[in-house]
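A.B. asks: In case you want the letters, here they are:
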Amino acid sequence: MSTAVITAWSAVSPYGTGRDPLAAGLRARAEAPASAGPEEWTADPDATARVVPGFEVRDALGKVGTRGMDRLTGLTAVTVRELLSGTDPAGEDAALGTGLVLGIASGSVQGFMEFTKSSLEGDSPIDVSPSKIPNMAMNRAASASAIRHRLKGPNTTVAAGRLSGLVALDQACRLLADGRAERVLAGSAEEYSATRAHLTHAAHGTGVVLGEGCVMVLLESGDAATGEPLAEVLAVHHRVAPDGDFAGALTAAVRAALAEAGVAAGAVWAAVPGEAPGAAGEQELRVHEELFPAEVRTRAASVALLGEMAAATGAYQLAALLSEPGEPGRIALVTTTDPDGPVGCAVLRLLTDGADA
Amino acid sequence: MSAARTTAGPAAGARRVVLTGCGALSSIGNGIAEFTEGLRAGRVGTGDITVFDTTGFPSGRGHQVHGFDAAARLRRVRPEPTGRATQFAAAAARMALDDAGLDEDWLRERRGTVVVGTTDGEVGELDLLTESALTLGLAAFTGASLGRTATGSLALGVVRELGLSDVETSTVATACAAGNYAIGAGFDAIRSGRAEWALVGGADALNRKTFAGFARLGLIAPDECRPFDAERRGLLTGEGAGLLLLETEESALARGAEIYAEVLGYGINCDASHPTAPERDSVARCIRLALENASVKPEEVDLISAHGTGTPTNDTTEIAAIRQVYGDRPPRTVGVKAMIGHTMGAASALGAIASALAVRHGFVPPTANHRTTDPDCPVDVVPNASVDADVRIVQNNGLAFGGNNAVVLLGRHKSPRGESVR
Chain A
1 MSTAVITAWS AVSPYGTGRD PLAAGLRARA EAPASAGPEE WTADPDATAR
51 VVPGFEVRDA LGKVGTRGMD RLTGLTAVTV RELLSGTDPA GEDAALGTGL
101 VLGIASGSVQ GFMEFTKSSL EGDSPIDVSP SKIPNMAMNR AASASAIRHR
151 LKGPNTTVAA GRLSGLVALD QACRLLADGR AERVLAGSAE EYSATRAHLT
201 HAAHGTGVVL GEGCVMVLLE SGDAATGEPL AEVLAVHHRV APDGDFAGAL
251 TAAVRAALAE AGVAAGAVWA AVPGEAPGAA GEQELRVHEE LFPAEVRTRA
301 ASVALLGEMA AATGAYQLAA LLSEPGEPGR IALVTTTDPD GPVGCAVLRL
351 LTDGADA
Chain B
1 MSAARTTAGP AAGARRVVLT GCGALSSIGN GIAEFTEGLR AGRVGTGDIT
51 VFDTTGFPSG RGHQVHGFDA AARLRRVRPE PTGRATQFAA AAARMALDDA
101 GLDEDWLRER RGTVVVGTTD GEVGELDLLT ESALTLGLAA FTGASLGRTA
151 TGSLALGVVR ELGLSDVETS TVATACAAGN YAIGAGFDAI RSGRAEWALV
201 GGADALNRKT FAGFARLGLI APDECRPFDA ERRGLLTGEG AGLLLLETEE
251 SALARGAEIY AEVLGYGINC DASHPTAPER DSVARCIRLA LENASVKPEE
301 VDLISAHGTG TPTNDTTEIA AIRQVYGDRP PRTVGVKAMI GHTMGAASAL
351 GAIASALAVR HGFVPPTANH RTTDPDCPVD VVPNASVDAD VRIVQNNGLA
401 FGGNNAVVLL GRHKSPRGES VR
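Protein sequences appear in the order of chains A and B. Just so we're aligned, residue 1 is where the first sequence starts under UniProt numbering, counting upward by one. Just so we're aligned, residue 1 is where the second sequence starts under UniProt numbering, counting upward by one.
In case anyone wonders, no lab produced these hints; they're calculated from the structure. Just to be clear, a hint being listed does not mean it is correct.
Said to hold, decoys possible - When the alpha-carbon atoms are kept at most 16 Å apart in a straight line, the in silico EDC-like pairs for lysine to aspartate or glutamate are as follows:
id: 1; chain 1: A; residue 1: Lys117; chain 2: B; residue 2: Glu250
id: 2; chain 1: A; residue 1: Lys117; chain 2: A; residue 2: Asp127
id: 3; chain 1: A; residue 1: Lys117; chain 2: B; residue 2: Glu131
id: 4; chain 1: B; residue 1: Lys414; chain 2: B; residue 2: Asp281
id: 5; chain 1: B; residue 1: Lys414; chain 2: B; residue 2: Asp388
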């Protein structure tokens, strides 16, 4: 069975729109800039976050078909646009088509709560904005991106907390391996919002600075890739930590992924942790210390530079590896843990030299 | 049918996947026995919604799950800190496990996958949080709120309830086709050898947010949901869960399990056309993808369990797509949403269970509340009363907002020796 290869990637990040600003920021190990969050219901005027600078959905995407579109959808659609860079796939009706797998946490939490607020506060409980109704479907970001670029293959939205990026990568590889798509865009996204900030701060402390954005990679079957392979996905393995034993479950996941990839822990050039808040992240760090020497643990940029990325974390870990200079053929690994239990690991062979295309 | 199974398709040489356990929560009954009896009797579960305040809405009718005692159904997941949809998913998974004659140890000894489809996840919890925030302000946000409102909580609830660890989990949020997406993911995981078992399906709980959205669009029926009826006026929102235990044919035969049906294959695609309206040609393409994946010819299909929401647009478009594939004489096409409402992410999972019951017990569940079939929906909808029938292969449709289509094909299982295993 042919493995999947990543042949392109792009992003919208707190460093700006497109791949290059993110790659440059990560290579420089520069903390993404922080600024004030948007003015919206429950917003704390003093809150700072690593938001995408100046991002407004309708400025970024134009006025057509974007009325009422939520920020999460806008961030995702811009990333897909950047990734396809003006060449929408052709022949979508004849063949299996282009798939899209997006990892999210819970959709636009702010949008959902404001919609319910309108229902509760309006003269009538159906005094809700019709232009917001398409946002109420949690698959809005993935499906709207498909509509904008006529992507007619499998269109999947997966939610697995901070594992969402890894699970999306896994699902995308499976769609290719199982013959259900010609090529697949995969990634994960988060929007900054006041309510997401309150939820995160209540759970993990007010010191957590939130990030937002989206990273998408283009995956093709290794034996049929039309683009220049940047990385080969060798294995993805995820499972659930029982009763707070993140270290035990993650160690098992890393060992399973390395075994499936057919590489030894000693062959890993770079290991990038997901750096979850709390015990999930602390135990992940210990696992990395046990399995990998210090130089392996520090070779690629830390996703903490971007702020707490929640569901988008896994996709940014891929970006950190894809933008890190080095010889083609390096083995790299990412792990992610979620405070609610899921843990996972992906193993890649980097085929790029990490320089800008 | 046996000829079709030997056709070289994508499934050639791969492991066969069978359904051996079902868990159902619905407005017409909880548990597979009640659900089966309700379908056979053509029972309609419509009633007044009480899980949120429907004061001021044009109608307060819907399909609520009654008699669900979470504390009695769940052994590990505590109901108090857990959202209603997660409770549903976990309880239905336990039902499916029991129905399959399996226990947690059996699951723990094998690598498995849990995929739960949903439209809203724990949006009902966000509704409650919104109410609290309007009265309490920021004090409404507590340390537990993030995990409690996370969409991934549904699949995780199943894993927690069954005390599992070596299991991959995801919650698939592809709106109202999510149940079929989940079944497809489980099918592929087992077929390819990545998992030995799968607990897959869908769950959703009634909530104000989605009810308000459908009501604002004018899509909620004033009295009953009437799929394919000339006088249909819309859908009724519902809640529930359908979880299916899938395993390999080899495993089921070895342990002498009762097999409901074989999962023959599925298709998924995206209209990439309109945020809320389905597209005929694309739905037809999805049906063809499923038939091809399952190596089934259209004339071999005995029954279609339609998406059939009872909205004017869905039903006309769906039947046009079916006729594009099946020609002028499509198989019987039924809309179980007349009985159980539109259970969102659970809808196609409960539809798949209804399909499997049709195969196993030899009956076609009816399209309830039916008066006159719409001339634009020219199919035999099996109005109002179930009929006994030899059902060998069923097509189960799921069509979602965003143009996310998923079609699953289930067939009567034949043992390798050729006789029917019932």
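A.B. asks: Each hint needs a verdict: does it hold in this structure or not?
C.D. replies: Going down the list of hints, with the structure as the test:
1. A hinted pair counts as satisfied when its Cα atoms are at most 16 Å apart, and A:Lys117 with B:Glu250 does not qualify at roughly 52 Å.
2. Between the alpha carbons of A:Lys117 and A:Asp127 the distance comes to roughly 10 Å, so the proposed pair stays at or under 16 Å and holds.
3. Distance hint between A:Lys117 and B:Glu131 is fulfilled; the C-alpha atoms sit about 8 Å from each other, no more than 16 Å.
4. The hinted pair formed by B:Lys414 and B:Asp281 fails the criterion: a straight-line CA distance of about 33 Å is larger than 16 Å.
5. In summary, the hint linking B:Lys414 to B:Asp388 is not supported, as the alpha carbons are separated by about 20 Å, beyond the 16 Å threshold.
In summary, the structure is inconsistent with hints 1, 4 and 5 from the numbered list given earlier, while agreeing with the others.
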